[in-house]
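K.L.:
Modelling step: build the complete structure from the supplied sequences, incorporating the hints.
Protein chains in written order, with the numbering used here: chain A, 1 to 433; chain B, 1 to 433.
No lab work stands behind these hints, which were simulated from the structure alone.
Among these hints, one or two may not hold up.
Chain copies aren't distinguished; within one or between two, either way the pair holds.
Said to hold, decoys possible - In silico DSBU-like links for lysine-lysine, alpha-carbon gap of 30 Å or less:
1. K264 <-> K143
2. K385 <-> K318
3. K318 <-> K398
4. K171 <-> K143
5. K146 <-> K264
6. K264 <-> K75
7. K75 <-> K318
8. K75 <-> K56
9. K75 <-> K105
10. K171 <-> K121
11. K171 <-> K105
12. K362 <-> K318
13. K105 <-> K121
14. K264 <-> K233
15. K432 <-> K362
Quantities reported herein were computed from a predicted structural model and do not represent experimental measurements.
There are 2 protein chains.
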Amino acid sequence: MSQLFSVSLKRCLHEIHCNTSGASLGPEGTMSVVRLEESRERIRTELDNTVNFWLKYSHDTVHGGFFTCIGRDGKVYDELKYVWLQGRQVWMYCRLYRTMDRFRKPEILEAAKAGGAFLRKFARVSSSSGQWKCAFCLTRDGKAVKIQRTIFSECFYIMAMDELSRVTDDKDMQLEAEQMMEQIIYWVRVDSSGLGRPQLPGDFPINSMAVPMMLLCLVQQLTEGRGQEVFQKYRELGSWCVQQILQHIQRDGTAILENVSQDKTELPGCQGRLQNPGHALEAGWFLLQYSTEWGDEELQRIAIDKFMELPYQRGWDKEHGGLFYFLDVDGHCPTQLEWSMKLWWPHCEALIAFLMAYSQTKKPELLDRFFQVFEYTFSHFPDAKSGEWFGYLTQEGKLALDFKGGPFKGFFHVPRCLYMCERILDDLLANKD
Amino acid sequence: MSQLFSVSLKRCLHEIHCNTSGASLGPEGTMSVVRLEESRERIRTELDNTVNFWLKYSHDTVHGGFFTCIGRDGKVYDELKYVWLQGRQVWMYCRLYRTMDRFRKPEILEAAKAGGAFLRKFARVSSSSGQWKCAFCLTRDGKAVKIQRTIFSECFYIMAMDELSRVTDDKDMQLEAEQMMEQIIYWVRVDSSGLGRPQLPGDFPINSMAVPMMLLCLVQQLTEGRGQEVFQKYRELGSWCVQQILQHIQRDGTAILENVSQDKTELPGCQGRLQNPGHALEAGWFLLQYSTEWGDEELQRIAIDKFMELPYQRGWDKEHGGLFYFLDVDGHCPTQLEWSMKLWWPHCEALIAFLMAYSQTKKPELLDRFFQVFEYTFSHFPDAKSGEWFGYLTQEGKLALDFKGGPFKGFFHVPRCLYMCERILDDLLANKD
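P.N.:
What follows is the structure, encoded as structure tokens:
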């Protein structure tokens with residue numbers, strides 16, 4: 001793939017003389033503009049292909065909702081419907097429909113509505129505590145198969161409902177999303193017993209980075225453009241999420257640890273030493289968005305230095321390229337069997353993180369990182385034959401699992417990454433001089 | 001490791017002229033005797049080393065019980081105590097102490113007693129249903145961290161207590177094991193709600209091979225040499241377990257599937273198509289033991305043809321050697337990220353299975369299988385530097401995770417395999433002419 005960034009003669013003839021003062025594209029000049037334009041072109045094409053893949057193969061026109069287990073060639077290999085992925089697909093369709101002209105198509109809107117109807121009809125199940133829980137997994141016709149004792153199915157349900165309410169202008173649906181949000185806030189900040197986990201003396205509450213990250217994402221989702229009332233409603237929660245995320249900076253600021261204690265200290269054992277570089281990078285761009293919204297330069301600096309640079313330094317495989325899935329901060333072998341595999345989604349998060357960081361700072365080293373990750377990602381994950389991306393490679397970069405959709409891979413990380421990067425690139429290139 | 005089986009001059013000079021009629025070592029003759037003697041020597045040495053490794057590194061002399069997370073060099077990298085592995089270590093120590101003279105040492109007995117005391121004091125927790133459950137994981141000082149909604153912690157608790165009661169002649173402990181067994185039988189055959197899983201309309205009961213396998217193992221454990229009363233008590237259960245296991249022969253007898261429906265048919269989707277070759281091979285030698293006990297030649301044939309030959313044919317990696325962890329019977333990619341990895345324990349089960357099958361039938365192809373697995377196993381898993389075995393390799397046979405003990409690897413599969421193989425080899429070689 002190194003030819004991806006070759007500067008063609010034709011492009012050279014149309015060189016754009018950009019400002020090198022840092023006000024727009026930064027000091028790296030013409031060559032970067034060309035590379036950025038080439039990467040945007042590739043990203044646009046991949047986004048179109050990805051959308052088409054899921055439009056073509058994932059819709060269940062009999063029972064509604066989306067098939068999520070889809071093989072390399074588009075064939076459904078399991079009819080189970082994973083609720084995280086149902087919610088994410090509704091969200092992604094709506095977001096594309098709402099914010100990108102070329103996806104404002106009835107086909108996409110109708111698919112999103114059908115997915116939302118399936119979720120509303122089947123995903124919510126009443127738990128033993130009398131509170132609403134969302135199932136983790138449904139049969140093709142909507143019967144609950146499994147419920148996780150966590151908040152994440154509910155979170156993706158909210159994302160779906162809020163974004164769908166925006167394109168359908170359905171106030172009841174927006175309200176439903178906010179009501180589910182209240183339930184989650186109660187579980188996280190007041191009493192988690194409704195999640196169904198038994199209270200055990202050795203299982204003290206911890207701060208797992210996924211929880212404040214997910215809530216911060218939902219705050220941004222629920223408040224975007226909604227006006228002062230909603231904004232004020234979630235303001236304190238957003239600030240709390242940021243503080244909770246920042247507590248994961250440990251070891252005198254030299255590492256992001258995935259799990260910390262409730263009093264901000266390192267936990268013992270593997271759980272405490274766990275690093276998930278892709279997750280830290282995702283937190284990085286969540287924090288960067290928040291810092292922009294609030295004009296918080298200190299937070300911007302922390303987001304980049306701690307949640308992007310550290311995971312990159314520790315997480316990039318210097319031998320084979322790509323980001324490790326899990327690492328132990330002291331160099332012990334992680335106990336997760338898949339720790340050394342290269343998964344698609346950490347690379348998606350890294351692309352968004354470094355491009356967003358570059359767009360805000362114009363620091364050339366951040367653009368270098370973006371291109372490094374871009375090179376690895378686009379030379380390893382996309383399937384040129386059947387479309388969409390593979391998700392799981394060995395440490396050496398060999399294909400390990402060949403499906404396009406599975407229990408944790410759906411229409412989400414790939415299109416969200418391509419969508420976000422395309423938009424950032426549009427802005428960057430529109431302001432290039 | 002191919003020199004492992006080189007026939008040394010010295011050995012040639014002491015060749016044993018064995019009977020080739022099939023009555024003892026089978027038609028392959030002298031060469032096999034030498035190879036069997038060499039393999040027994042290697043197995044004895046490995047068993048001694050493995051026992052020494054765990055005696056040296058795993059005992060918690062402060063809080064009791066065993067550390068189970070032990071790094072490649074013997075260092076404890078996490079103090080959590082996994083209950084499956086506590087129970088298994090007690091069982092293995094006691095079995096070695098009881099049945100092999102060279103392990104009848106006070107050090108081993110005391111360690112087993114201390115482990116048993118830790119289990120009795122801390123592993124049992126009262127569940128919300130008022131029934132006893134065993135924790136899955138404890139803190140170093142015995143506080144419950146996690147409870148699984150399955151039967152397996154309880155099963156290994158029973159194995160530990162029954163075997164410990166044999167070496168200590170403690171009738172109360174034997175009774176406690178039988179009482180816990182009653183609880184498990186109730187969960188499996190009458191009402192599973194005490195396990196804590198919510199009843200969901202899409203989560204219908206299935207026949208997962210682990211359950212009847214585990215119960216059959218416990219029947220054999222509880223009844224061995226106990227006399228008629230206990231034997232009769234579990235007789236019907238043993239027969240039921242065998243029938244449940246046989247239901248996993250699917251696809252017109254061409255495949256062993258890990259999960260089937262309660263009415264003996266294939267389940268839809270990935271769950272239904274899942275194959276776990278190591279597990280099938282383990283079931284194979286469980287069935288073979290049962291067939292010997294009952295003199296059931298038809299079951300012996302099925303155990304070998306279906307539960308050994310099929311998993312070998314489907315599960316052996318013809319490119320890189322070794323047994324795959326998971327496979328899909330239709331050739332789809334499994335969704336388990338670790339599906340193509342080579343784990344130590346399926347190879348342990350294969351060694352026992354093929355050697356036991358050979359010892360009962362004297363069919364040379366079964367001995368060939370044993371040697372093939374032996375060659376792969378002993379050239380890949382043992383750590384010549386620090387002792388014990390590595391547990392997790394890539395498909396290509398490269399070391400992927402380097403610890404000796406982890407959440408699912410303890411003092412069990414390696415020593416059980418070496419112990420069983422040494423005993424079978426002792427019998428074979430004692431009856432060689």
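K.L.:
Now look at each hint and say whether the structure bears it out.
P.N.:
Cross-check of the supplied hints:
Taking CA atoms no more than 30 Å apart as the test, K264 paired with K143 passes between copies only; the shortest distance there is 22 Å, against 41 Å inside one copy. Within a single copy, K385 and K318 get their C-alpha atoms as close as 29 Å, and across copies as close as 27 Å, so both meet the 30 Å cut-off. Within a single copy, K318 and K398 get their C-alpha atoms as close as 16 Å, and across copies as close as 18 Å, so both meet the 30 Å cut-off. Taking the closest pair of Cα atoms, K171 and K143 come within 30 Å of each other only inside a single copy of the chain (27 Å); across copies the shortest separation is 48 Å, beyond that limit.
Taking the shortest alpha-carbon separations for K146 and K264, only the inter-copy value of 22 Å comes in at or below 30 Å, while the best intra-copy value is 33 Å. For the homomeric pair K264 and K75, the shortest alpha-carbon distance between copies (27 Å) is at most 30 Å, but the shortest distance inside one copy (46 Å) is not. For the identical chains of this complex, K75 and K318 are inter-copy neighbours only, at 27 Å across copies versus 36 Å inside a copy, given an alpha-carbon limit of 30 Å. Proximity of K75 and K56 under a CA criterion of 30 Å is satisfied intra-copy only: 10 Å inside one chain copy versus 53 Å between copies.
When the C-alpha separation of K75 and K105 is checked against a cutoff of 30 Å, the pair qualifies only within one copy, where the shortest distance is 24 Å, while the shortest distance between copies is 60 Å. In this assembly of identical chains, the alpha carbons of K171 and K121 lie at most 30 Å apart only when taken from the same copy (18 Å versus 56 Å across copies). Taking the shortest alpha-carbon separations for K171 and K105, only the intra-copy value of 22 Å comes in at or below 30 Å, while the best inter-copy value is 75 Å. When the C-alpha separation of K362 and K318 is checked against a cutoff of 30 Å, the pair qualifies only within one copy, where the shortest distance is 25 Å, while the shortest distance between copies is 52 Å.
In this assembly of identical chains, the alpha carbons of K105 and K121 lie at most 30 Å apart only when taken from the same copy (25 Å versus 64 Å across copies). Taking identical chains as interchangeable, the C-alpha atoms of K264 and K233 lie at most 30 Å apart only when both belong to the same chain, with a minimum of 26 Å there against 55 Å between chains. Proximity of K432 to K362 under the C-alpha cut-off of 30 Å is restricted to the intra-copy arrangement: shortest distance 11 Å within a copy versus 79 Å between copies.
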